[in-house]
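Generate the whole structure from the sequences, applying the supplied hints.
For the record, the sequence lines run as chains A and B.
Going by our numbering, 49 is the number at position 49 of the first sequence; the sequence numbering is gapless.
Going by our numbering, 1310 is the number at position 310 of the second sequence; the sequence numbering is gapless.
Keep in mind the hints are simulated off the structure, nothing from the lab.
It cannot be assumed that every hint is accurate.
Said to hold, decoys possible - Distance condition first, Cα-Cα at most 27 Å in a straight line; then the derived BS3-like pairs of lysine-lysine:
1. B:1027 to B:1074
2. A:248 to B:1132
3. A:248 to B:1074
4. A:248 to B:1125
5. A:248 to B:1104
6. B:1153 to B:1007
7. B:1074 to B:1125
8. B:1153 to B:1104
Stated by the list, open to error - Sample of chain A residues facing chain B (criterion: CB under 10 Å; computed from the structure):
9. 61
10. 77
11. 79
12. 230
13. 231
14. 232
15. 233
16. 234
17. 237
18. 238
19. 249
20. 252
21. 253
22. 255
23. 259
This structure is a prediction, so every number in the text was calculated from the model and none was measured.
Just so it is clear, CB atoms sit at the ideal spot from N, CA and C, and this is done for glycine as well.
Chain residues, written in single-letter form:
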Amino acid sequence: MQQLVFAIGTMIAGVLACAFYFFATNWILDRIFPSKGLSGAKASQNLRTTNAIRPWLFMLPALLALAIYLVYPVFESVRLSLHDRAGQTFVGPGNFVWMFGDGEFRQSIFNNFLWLLVVPALSTFFGLVIAALTDRIWWGNIAKTLIFMPMAISFVGAAVIWKFVYDYRAEGSEQIGILNAIVTWFGGAPEAWITLPFWNNFFLMVILIWIQTGFAMVILSAALRGIPEETLEAAVIDGANGLQIFFKIMIPQIWGTIAVVWTTITILVLKVFDIVLAMTNGQWQTQVLANLMFDWMFRGGGDFGRGAAIAVVIMVLVVPIMIWNIRNAMRETGGH
Amino acid sequence: MTGLVLKDIRKSYGAVDVIHGIDLDIKQGEFIVFVGPSGCGKSTLLRMIAGLEEITGGDMMIDGERVNDVPPSKRGIAMVFQSYALYPHMTVYDNMAFGMRIAKESREEIDRRVRSAADMLQLTKYLDRLPKALSGGQRQRVAIGRAICRNPKVFLFDEPLSNLDAALRVATRIEIAKLSERMADTTMIYVTHDQVEAMTLADRIVVLSAGHIEQVGAPLELYERPANLFVARFIGSPAMNVIPARVISTGETTTVELKGGTQTALDIRTPDTERGQAVSFGVRPEDLQVTTGADFLFEGTVAIVEALGEVTLLYIEGLVEGEPIIAKIPGIQTVRRGDRVRFSADRNKLHLFDKEGVSYRAL
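Printed below as a string of structure tokens:
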């Protein structure tokens, strides 16, 4: 109860502080450069000055937050990655040398690569197919709502749900996991799915696909609706059949959007962490980079150097895709 | 039997009927224009001919074959859309070649037809460009080129000029007229709400309103002998003046008394049963003349003078409730606002419609 009161109090104080900040800074600005009661030239000069400064007043808090929580950590991570476990002694590229010789790191790179190949491709594919199919049926919107719903579930929550799906009970006892229930109903033997090396990676990927398909579907559905109806009718008159219209007229017209969706999910996949942590914590050869970083950074006493080195690797992988993604999105929206 | 025949064509969306039985016989090579106010069903009718809208009732025949259930690509038609509907991700060449590639034509045949169409429309320079790198007029030419490449028996145009600016519209209109001359065997059906396009392009105009055909005829026939009040007011600009009147005497020539008290005789035959009936008397603004004589149609006070140099438009208010009577007098006039002016008109330029709005000439 006390916690709740405290939380609400913090929220109210935060909002009030923001409001106060904007009022106070703008009030001070207008005092320093007054525009009322002055002669024409001076007043318009002051007005121009305040107009030049005012946007920065509004952006200042955001810029500060970005600097403290985003820019500083980048440099600190790079610094830490070149130091020892306590972040005190400079070790040069030592952490990176260790990393590339480490079996678990190589396993993580391999697994991340698998995720990278499978999840964005399947999410985008399912999203596109569902978007195209649901546009034509009356219950399409209901289907879309249901498929979009997993987006609202946190990754950990989704992992818990799927833990039940993959749940394993010893042979003979009743299976509460739906997958094993189906397998035994067909006469098969139950398996502890998430402990099967290599294949368990895919069982984990299913969760992220389940979540991200909704995202891809919503964006692509909007893109599909943006295609001018008349180009499709022109294609009908030109004699194209349904599949030809889909692949030769519709897909090329939304290609930019597909690329944005694909790369957005790719970035997400590179950072995948929660699902692996909650499902296997990297056991049974399911380790991924983000979870490995977390392991080194905060578990077993913590090795800031190695953890930061892994973080830098993730960043180096993500940044080029992100730049490409932003460029693509800018081009799609014409820079607005 | 070649050409296009529409027999009692109907269209309904659920319980709402939008096309109420259209009968139309179009000869091969004819240039037909559908005109009418927005919502009259002209575009729907065109889309039914194209096969983009299902036909609820009646028979559609192209070249003697019933095509109600034939898919659009097999009907031998090509369509030019209002918004051009070019494939934005394909070059001009690919846009024109798409239909032929779908039909699996040989590479040489595709190339030959694309180049000949491009040549005809002066698009050869632009074959490698994407539509977004073209001007509006060029895009519309590509759309026409794409249609030509299909080698259609029937060419359909759905308001193809309405997205172009005024100067380009005139130029493209002339180009379409030339095109139809060059493709003399190809039937063309053209939808527009612009009567200038209709008058200049059409062999025959089909005037539609609320899903009915009001009149079919050559442009000047519609202008000179409109079958009813709707066509009379729709064709011609400014619209025909309509003055309430009463029949005084009938026979080979008819005498009516106009609202305002003057009587005038028309060379229109009316049956004896019409004596004393309330009718509508019509005269086009451009057929009115200013007169000082005692023999005049009506007299009125000028409310507005619009001097355009080439013509002067006089608006006379008060004679008919709600709308002014407009006179279009050639050249520059000295008439001022507030002047009382008498108007007369040639006897054979007058129109008379019964109380249902049907022309007595059509009876």
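Hints and how they fare:
| no. | hint | result |
| --- | --- | --- |
| 1 | B:1027 to B:1074 | 20 Å, holds |
| 2 | A:248 to B:1132 | 18 Å, holds |
| 3 | A:248 to B:1074 | 20 Å, holds |
| 4 | A:248 to B:1125 | 25 Å, holds |
| 5 | A:248 to B:1104 | 15 Å, holds |
| 6 | B:1153 to B:1007 | 19 Å, holds |
| 7 | B:1074 to B:1125 | 31 Å, violated |
| 8 | B:1153 to B:1104 | 20 Å, holds |
| 9 | 61 | 41 Å, violated |
| 10 | 77 | 42 Å, violated |
| 11 | 79 | 47 Å, violated |
| 12 | 230 | 4 Å, holds |
| 13 | 231 | 5 Å, holds |
| 14 | 232 | 9 Å, holds |
| 15 | 233 | 5 Å, holds |
| 16 | 234 | 4 Å, holds |
| 17 | 237 | 5 Å, holds |
| 18 | 238 | 4 Å, holds |
| 19 | 249 | 6 Å, holds |
| 20 | 252 | 4 Å, holds |
| 21 | 253 | 6 Å, holds |
| 22 | 255 | 7 Å, holds |
| 23 | 259 | 13 Å, violated |
When held up to the earlier numbered hints, the structure conflicts with 7, 9, 10, 11, 23 and fits the remainder.
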